[in-house]
Amino acid sequence: MQKITRDQIVSKAVSLLQDGTVSAVLGWRQGEFCYDVTPSVFNTAEDIEANFVWNDFCGANFSKYLVSKTKNIDGKLLVFLKPCDTYSFNQLLTEHRFNRESVYVVGIPCEGMVDISKVKAVSGEGIVCAESKGAGLSVTTIYDENPKEIPYAEVLSERCLNCKSKKHVAYDELLGDEGEVIDSARFDEVEKLESMTSEERFAFWQGELSRCIRCNACRDVCPACTCEKCVFDNPNSGAESKAPTNSFEEQMFHVIRAFHVAGRCTDCGECSRVCPQNIPLHLLNRKFIKDINSFYGDYQAGAEVGMRAPLVDYDLGDLEACDVFERRDSE
Amino acid sequence: MQVNEYRPLIVAFCCNWCSYAGADLAGNNRLNYPADVKIIRVPCSCRVNPMFILRAFQRGADGVIICGCHPGDCHYTSGNYYTRRRMALLFSMLDYLGIERERTRLEWVSAAEGAKFAATMNDFAETVAALGENKRLEDLRCKK
Amino acid sequence: MHKDNEKMKSEIIRRSGVNPSKCMRCGKCSGTCPAYDEMEYHPHQFVYMVESGDIEPLLSSESLYKCLSCFACVDRCPRGVEPAKLVEAVRLSVIRQQGANHLTANDIPEMLDPDLPQQAIVSAFRKYTK
Amino acid sequence: MQRIGVFVCWCGTNIAGTVDVAAVSEALKSEPGVVFSTNYQYMCSQAGQDIIKDAVKEHNLTGIVVCSCSPRMHEATFRKTAAAAGLNPYMVEIANIREQCSWVHKDMLTGTEKAIILGKAAVAKVNLNTPLTPGESPVTKRALVIGGGIAGIQTALDIADAGFPVDIVEKNPTIGGKMAQLDKTFPTLDCAACILTPKMVDVAQHENIRIFSYSEVEEIGGFVGNFDVKIKKKARFVKEDICTGCGACVEKCPMKKIPNEFNLGMDNRRAVYIPFAQAVPKVATIDPSACNMLKSGKCGICSKVCTAGAIDYKQKDELIEEKYGAIVVATGFNPISMDKFDEFAYNQSRDVITSLEFERLTNAAGPTQGKLLRPSDLEHPHTIVFVQCVGSRCDACAEKGKEYCSKICCMYTAKHAMLVRDKYPDTEVYVFYIDVRTPGKNFDEFYRRAVEEYGVRYIKGMVGKITPEGDKLKVQASDLLADKQLHIDADLVVLAAAIEPDKTARPLATMLTASMDTNDFFTEAHPKLRPVESPTAGVFLSGTCQGPKDIPETVSQASAAAAKVIGLLVKDKLTGNPCIASPNELMCNGCSSCERVCPYGAITYIDKEFPQPDRTVAVRRVAQVNPAVCQGCGACTVACMSGAMDLRGFMSSQIIAEVDAICK
Amino acid sequence: MRRISLYSLDSLFGEISKSMTLYIPASDNAGGAVYTKYEDGVEYLNTLNTVKSPKNFFFPHTEDLMEFKLQGKNIDILDIRQESEDFAVFGVRGCDVKSFDILDRVFLSDPVDSYYATRREHGVIISLACTKPSETCFCTTFGIDPTEPMGDISAWMTESHLYLQPVTEKGKALMSKIEHITEACDDSEVLAQKDKTKNILSKLPLKDLSTDAFGSGKTKELFDSPQWAELSQSCLGCGTCTFVCPTCQCYDIKDFNTGSGVIRYRCWDSCMFSEFTKMAHGNPRLTQTERFRQRFMHKLVYYPENNDGLFSCVGCGRCLSKCPISMNIVKVMKSLGGDKNE
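Chains as they are written, first to last, in the working numbering: chain A, 1 to 331; chain B, 1 to 144; chain C, 1 to 130; chain D, 1 to 664; chain E, 1 to 342.
Derived from the structure by calculation, the hints contain no laboratory data. Glycine included, every Cβ here is placed at the ideal spot set by N, Cα and C. Do not rely on the hints blindly, as some may be mistaken.
To be verified - Capping the alpha-carbon separation at 25 Å, the derived lysine-lysine pairs in PhoX-like fashion look like this:
| # | chain 1 | residue 1 | chain 2 | residue 2 |
| --- | --- | --- | --- | --- |
| 1 | A | Lys-118 | E | Lys-132 |
| 2 | D | Lys-608 | C | Lys-22 |
| 3 | A | Lys-76 | D | Lys-400 |
| 4 | E | Lys-203 | A | Lys-148 |
| 5 | C | Lys-22 | D | Lys-400 |
What the hints assert, rightly or not - Listed below are several chain D residues computed to face chain E (Cβ distance under 7 Å; list not exhaustive):
| # | residue |
| --- | --- |
| 6 | Asn-347 |
| 7 | Pro-613 |
| 8 | Asp-660 |
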């Protein structure tokens, strides 16, 4: 389904490596199964040609890796960024988290990535093959040798179904055509929650957050969470905690985490992708984004480098805190 | 006053230059408000970290109110503008999680507004008392 | 303000998207209006009368149809009030009250007169098709 | 572990009347860290303070909690007491059990209960207090004034008179600014040059003042008391110290058709020029874009005629580095461009002019030697229309114009109208206004005189359109009070153009890390209480760079700024507030969030080396707080996600401890 | 062997929960399964594995150990344990059952962890044989037979019936309580199902994964392998693998200040966290590579070294499906095991 083929990317990576433009390549490495790909640094053309993958499961956002992977690099690191990844890239640059000169960005178009758990929900366990075929995936399992065809609409991840932009906001070079910012329906779920009663919302979130196992995957994958030391790991912060000991801790962790990335979150959706418990964490981030848009004017974190995030900015005529609800109730 | 009547626990963060002085003025003028309200002095309302607010709820507070200088009057010129954004977003988020929105409040009280301070605290204490104990954002370990 | 006036005012404000309270009463709209002498109520009065809810006299005034919709007042208003849009909104109120005496796009060609300036055709179309 | 002493004050019956003080001191005795607890009638009295001092010595106290009146009353008192007893003054915390307890609660039971809780919170905080020492920094006793208009001149003179050296940086070849271009001044109608030029001479002759004319500020570093400034002195190709200002070079210069900016282009100057007769410094300047010698090496006449030998075609820009203790911004204003106001035909007719151009037209030293002649045909105008509020008071969203009132236009227009009617009584003068705003001493009287004594015709209504037709200007406007359309055939139209901050202000603000509003006016530290200071410590505001002002206001603000500068420069050392932000570099991400919310520009970043777990060294960008500039608001502490930024005296851990104690 | 019709599953659950609390896999409303206390309305979800492993029953995610009460300057120490009631867990797969052996060796060897031991004594495991393993399953690598799931009672589910066979005394005691609603039967259907499952097992992609390169005595060979850096390069340092793992047993003991005292509790910890085993001097494992290596060396070398060659992995496949970057023990074994796994 992806418009750019693996071969195009591989030949681009190999040529940039060979002409000395870059000294290493950050890409996806083939795993055990057809769907498990691991982000990896490639140093040789042979390795790239043999093990580089590009398919419907290459969802990982590479921007955050640049913070650590460019630290001790000689020359430039080549990174392939999908449109949504480029927003995180810009946001990290805005916050001086890595050196732009150490990176060579090749923008690649993305047609949306597949959520393997959605595939399994349809196909069942035992997947041995999942290939792109027409407008869907063709899936074979050990239980059924006849391939089952599943339309993309059923298996694309939530964030891709509500894709906010197919436009790259940062790159040195672009493969394929430039896309557009999309008027997505990504706030619909938030609105649905807002229209519930307070009791219903409380019950909803209790149900969702009670599954949290505090593995910190959401935080550790988040491109906005690049603190040298996270408050939740710091015994002196007053918020340190290793475990979801009770519902308060669960709420505290997720509210503070969302607040810390508010105005900086680009809505890349990695938090929800990696959550082993499928907690819809993007609904917290999107709430902040939606509020920021409606209170302070549309703002897309990472749209440009150097933008002033809404929480480190103000306007004399800003909405009063007490009018927040009046405004929403009248909507 | 009945002995066993439920009384809420209210934490008020007051900025040193306006609201804390407003609270002092309420005292000077002997304007009553419930003893449920306990004030913590901060240099500016922008010193109030959302973590402090959640911490208060965890420890058993039933309501948290932040008071600062009126917009435009901040001793530090812009501190309360940041507070306004931070709290607008935080309160909206807490409401989104199903926490009663009446438990949090942001008020502008100047050093001259002793009466407003007392009235605000009376109103807030009454509102929070009507909600009853804070059950949705509590840490049972701290309620013994 | 009387309830009916209030209602009509809010209706006109909603329809026009104009906020008459932004007006600082400088009168530049009238000063710039090419149809001033034809009008009973002048653009600045339009704004003022809508703002104060005194809309009844406007509805029956010929002024409504004297406005050329040239938008000079819109262009020049220092406060961004856009009086012409208000005039148009009031005009619409009258038209809607009268019922469907609309023009359709198909009616236009036969009314065309080669001497008519293009702008007039467009503005007439805008005026009568609502 | 601290050794804390608790001192509960009765305040006579003020506290003891509603709070059982003995119960409070007893209850606090068992709090962690408390080794001594007592109560006394008046803790702030000498006897009360002695109790504290004795207890510090006897019990080796490391911290003190006083349960008494508001810290706003006696915190300073008890800090001094602690210091006298050998304790760090910042080891004292006050529990406010009077204003916020005994005075507002009537019931002894609840009052006592609350007093105990407030006391516990104070104890919890003191347990985490650390001794704080205010930072000190030296003060360079020299001031820099940026801008040499009346604001800069006045500020510089006042500072210099107080005995401190002052440098004025002026981008033009002469100081004097806009006021030097004016004819008469309202409301007294004395001539601008007569009152300004003596001041300019004072400046030139003052032993404490240096003038860097034809110069610009290139770079500003440092902070209050210690600014490092680089000033670029542009090459004027004339040796300033040798030139006598005789004007021989000007007279002989063959390049005669250079638009004269001092007269707003209404006449011409030479390639070598002195802007006006009373210029300070009175030296010639060669315009490199017009001089043949500099462009092509062919000419050199001025050099030949200069008997002093002051001409130097090889002169280069010069960079001056200087240290300053304080910086005053006096960058002034300009009328806005009229290009977007097509309806007023400014670009179509030379007879539509701005008010500043009108000043030059009526000035005896102006292009017409003070005779009011219209630019197009140098005829005497018989009908003059003045249009007020051109580009002022516009909608914030409008593409042209400014949202604010320019403040000075009503008065100078009245002045212009009056002067015309005075000199040329046969002239018809119309003033189209929206509102006439004349607050100020003798201002409204002045305006009334224009109407009543001089017969100026004030018409309420904005001019809609001006159309040049033949040698006339057709002015179309609506007389709102008469409700009729006016069509006036005018000979001259004068537009009261809005004023805006000078274009150099924005880059300067960036260099100073001083804040500006959306209109590019400098923001003051407090709109009411600190109107002449910028939020950036050591930076002061003088004149119209802060907002539209007339001359008297500008001069008073200039003197006020000078007073503030003098107050700073008389200090040998600056003692900071010790309750300031301080970053934990190990946790700092260098993300710039704190820098963005700091109203004082106190935060900067450095690249620093840190040893890594794998024994390599990594360079990281980390925040630094300048203790002389930080005021301790704490905005940065919340903007900091990692919690690397904390506020001394109000540390997160201390506030959390208070929260915990209150909620126990 | 006894059996009960699947139509009567609820009555079986009802009967068990009369005498003890019963936990069964149920939907977590997010596409996964979670052990849920059985009561009216809780529906059994026939799933391969729960997201969180059943180790939670014996070694809970968080557990209060004791409490210190503060009165002025006095401190009282209180034992606040509550676990004294019997409970049963239904539907535990063979891999997870095996994980209890691995945990037992840690917690029940001297000194015995009394918190764990008490829970272990009170818990009855009703296992369930696998019929539809996933591509991520590799329990056979560790000698586990998923068709013979063991526990206190082994169970098999066919299309019509649930078959039960007690294994331990505890199992027999529970069987006697449900004897009246079950019927005696032979094991022919169970055997048929086992054959069918084994046929599937032989088709699993990871069926040939070998442990030959690992185990006791391999420390020197593997510790300094350059491959650790490569394998760990994209590891996020989150605790997902550890927290879904049935055999990870590391914990941290922390104090929570309640304001009026302190609750001492323990909670799962992860060797992948940068704060893990942080001591006064700092952290012995400074980089993510070292932390990553620790996790797999522990499972594949150190643990077997101390426990008669038993590996600390049961091949349940949870980490394979949950790791955000798809790095896991299988990739580690294949990479370090070299040719043996190719």
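Here is how each hint holds up against the structure:
Of the pairs offered as hints, the one joining Lys-118 (chain A) and Lys-132 (chain E) holds, with about 18 Å between alpha carbons and a cut-off of 25 Å not exceeded. Restraint check for Lys-608 (chain D) and Lys-22 (chain C): the C-alpha separation of about 54 Å exceeds 25 Å, so the hint is violated. Using a Cα cut-off of 25 Å, the hinted pair Lys-76 (chain A) and Lys-400 (chain D) is violated, with the two alpha carbons roughly 47 Å apart. Using a Cα cut-off of 25 Å, the hinted pair Lys-203 (chain E) and Lys-148 (chain A) holds, with the two alpha carbons roughly 19 Å apart.
For the hint linking Lys-22 (chain C) to Lys-400 (chain D), the alpha-carbon distance of about 16 Å falls within 25 Å, and the restraint holds. Using the Cβ-Cβ criterion of 7 Å, the hint placing Asn-347 (chain D) at the interface with chain E is not satisfied: the shortest such distance is roughly 63 Å. With a least beta-carbon distance of about 3 Å to chain E, the hint placing Pro-613 (chain D) at the interface is held under the 7 Å criterion. The closest approach between the C-beta of Asp-660 (chain D) and any C-beta of chain E is roughly 5 Å, which is under the 7 Å cut-off, so the hint is satisfied.
In summary, the numbered hints that this structure violates are 2, 3 and 6.
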